[in-house]
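Listed here are the chains, written in short residue letters.
Protein chains: 2
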Amino acid sequence: MKSKQNNDFASAVAFSHFLLKQHLTSGDAAVDATAGNGHDTKFIAELVGDQGQVYAFDIQQSAIENSKQLLIKNKLNSQVQLIKASHADLDYYIKDNIKAAVFNLGYLPGGDKSIITRADSTIIAVKKLLKLIKQGGIVILVIYSGHPGGSQEKTKVLNYVSQLNCHEYNVLSYKFLNQPGPPPEIAAIKKR
Amino acid sequence: MKSKQNNDFASAVAFSHFLLKQHLTSGDAAVDATAGNGHDTKFIAELVGDQGQVYAFDIQQSAIENSKQLLIKNKLNSQVQLIKASHADLDYYIKDNIKAAVFNLGYLPGGDKSIITRADSTIIAVKKLLKLIKQGGIVILVIYSGHPGGSQEKTKVLNYVSQLNCHEYNVLSYKFLNQPGPPPEIAAIKKR
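Residue numbers (the numbering used here), protein chains in the order written: chain X, 1 to 192; chain U, 1001 to 1192.
In isolation and in its complexed conformation, chain X is listed as follows:
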């Protein structure tokens, strides 16, 4: 018998991967704004292939190291630039037009839980990405909000994306209504 978990709808993380898969193809340029332990960077690097380009940001050395090891192990390091910097400065590093970008908001799993993403720098990074993404391109925010400060960041970020010009952007919300935690949810922006 299937586990209870398997009877659920696709989680926010699974849905973010579904969107990335739908939008990225070989040769594309993409951004992982929060490299963390490198799982999304790896996923994106596979989608864009060795003709593509992934810009992966993290402010923590341990995140850059963990991501680097994961990429080398999977022979995906050639198409990834791991950048130890805030995603708020991403325009300094990225010159390509981007097809997709993903954020995991919160703290580094297994790392220092006091180091968290914050609404102000998240919103700066999103604004910069909106200038870099192609028509039809997407910016995905996977929002974890169960940690201290998470709920405030979520409120500010959702408020910002909800006010984006409806003629220029299509903003989607994917979330669970009755689950405790709360589980992560998605806000995704698509350039019209």
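Hints were generated in silico from the structure; no laboratory data involved. Note that the structure is predicted; figures quoted are calculated from it, not measured. Hints should not be assumed to be uniformly reliable.
[Claimed, not checked] Ranges between beta-carbon positions, derived for each pair:
1) U:Gly-1049 with X:Gly-49: 32 to 40 Å
2) U:Ser-1062 with X:Asp-91: 53 to 61 Å
3) U:Lys-1134 with X:Gly-49: 38 to 46 Å
4) X:Gln-69 with U:Gln-1051: 46 to 54 Å
5) X:Ala-10 with U:Gly-1149: 27 to 35 Å
6) X:Ile-124 with U:Asn-1159: 32 to 40 Å
7) X:Lys-156 with U:Cys-1166: 25 to 33 Å
8) U:Pro-1109 with X:Gln-69: 52 to 60 Å
9) X:Pro-109 with U:Glu-1168: 26 to 34 Å
10) X:Gly-149 with U:Asn-1159: 26 to 34 Å
11) X:Ile-115 with U:Lys-1127: 42 to 50 Å
12) U:His-1147 with X:Ala-10: 28 to 36 Å
13) X:Thr-155 with U:Gln-1135: 33 to 41 Å
14) X:Ile-115 with U:Pro-1180: 32 to 40 Å
C-beta: ideal position from N, C-alpha, C; glycine also.
Got chain X; can you put chain U on it based on the hints?
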């Protein structure tokens, strides 16, 4: 060049079809709680095939007629029971275990706009369906709320589904945050 519309994320209706396709297969029993002009009934009838069973409800004779014509034209009438009754009474007609059910809340497109679905009977119907659906089965609500009374129905229905027991049901919301109208949105319940 693609139209602006084509650069958007899947609409609520397209996402409801995606979920139906993911959950229904040949031989399943399913419900269209608001047959309307028969478009969802047709879509579901194709998915369950002639070994399946679709129960399609509508209180308006014109909706039953329009749906009947559409099904006959597409040779799908053998697997569909068109029932002129309120979905609030669906347990009187359905004896099978259901794999998926769909509601389109609002008024009949092209029909009398004063005849609308209402929160009380919608919630009664959802409660009855939750007893009939199989483990892993779904109830999808496509919520139109731009018409008079629509916003009140939406508030009540979302309040009801948000309070469903998290151990028994997984409740998903799929909606657009920055579009005027407002465009339809989805609340979907999956039995764990």
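Right, here's what the structure says about each hint:
Taken as a hint, the range 32 to 40 Å holds for the pair U:Gly-1049 and X:Gly-49, whose Cβ atoms sit roughly 39 Å apart. At about 57 Å, the CB distance of U:Ser-1062 to X:Asp-91 agrees with the hint of 53 to 61 Å. Between U:Lys-1134 and X:Gly-49 the Cβ separation comes to about 41 Å, which falls inside the hinted range of 38 to 46 Å. Judged by the Cβ atoms, the range 46 to 54 Å given for X:Gln-69 and U:Gln-1051 holds: they are separated by roughly 52 Å.
Distance hint for X:Ala-10 and U:Gly-1149: a CB-CB separation of about 32 Å, consistent with the stated range 27 to 35 Å. Restraint check, X:Ile-124 to U:Asn-1159: a C-beta distance of roughly 36 Å satisfies the suggested window 32 to 40 Å. A C-beta distance of roughly 27 Å is found between X:Lys-156 and U:Cys-1166, which places it inside the suggested range of 25 to 33 Å. Here the CB-CB span from U:Pro-1109 to X:Gln-69 is close to 56 Å, well matched to the stated 52 to 60 Å.
Checked against the given bound of 26 to 34 Å, the beta carbons of X:Pro-109 and U:Glu-1168, roughly 29 Å apart, stay inside it. Distance hint for X:Gly-149 and U:Asn-1159: a CB-CB separation of about 28 Å, consistent with the stated range 26 to 34 Å. Range check, X:Ile-115 to U:Lys-1127: Cβ separation about 46 Å, and the 42 to 50 Å hint holds. About 31 Å separates the C-beta atoms of U:His-1147 and X:Ala-10, a value consistent with the hinted range of 28 to 36 Å.
Between X:Thr-155 and U:Gln-1135 the CB atoms are about 35 Å apart, so this pair conforms to the stated range of 33 to 41 Å. The hinted window of 32 to 40 Å between X:Ile-115 and U:Pro-1180 holds, with their beta carbons roughly 39 Å apart.
Comparing the model with each earlier hint shows no violations; every hint is respected.
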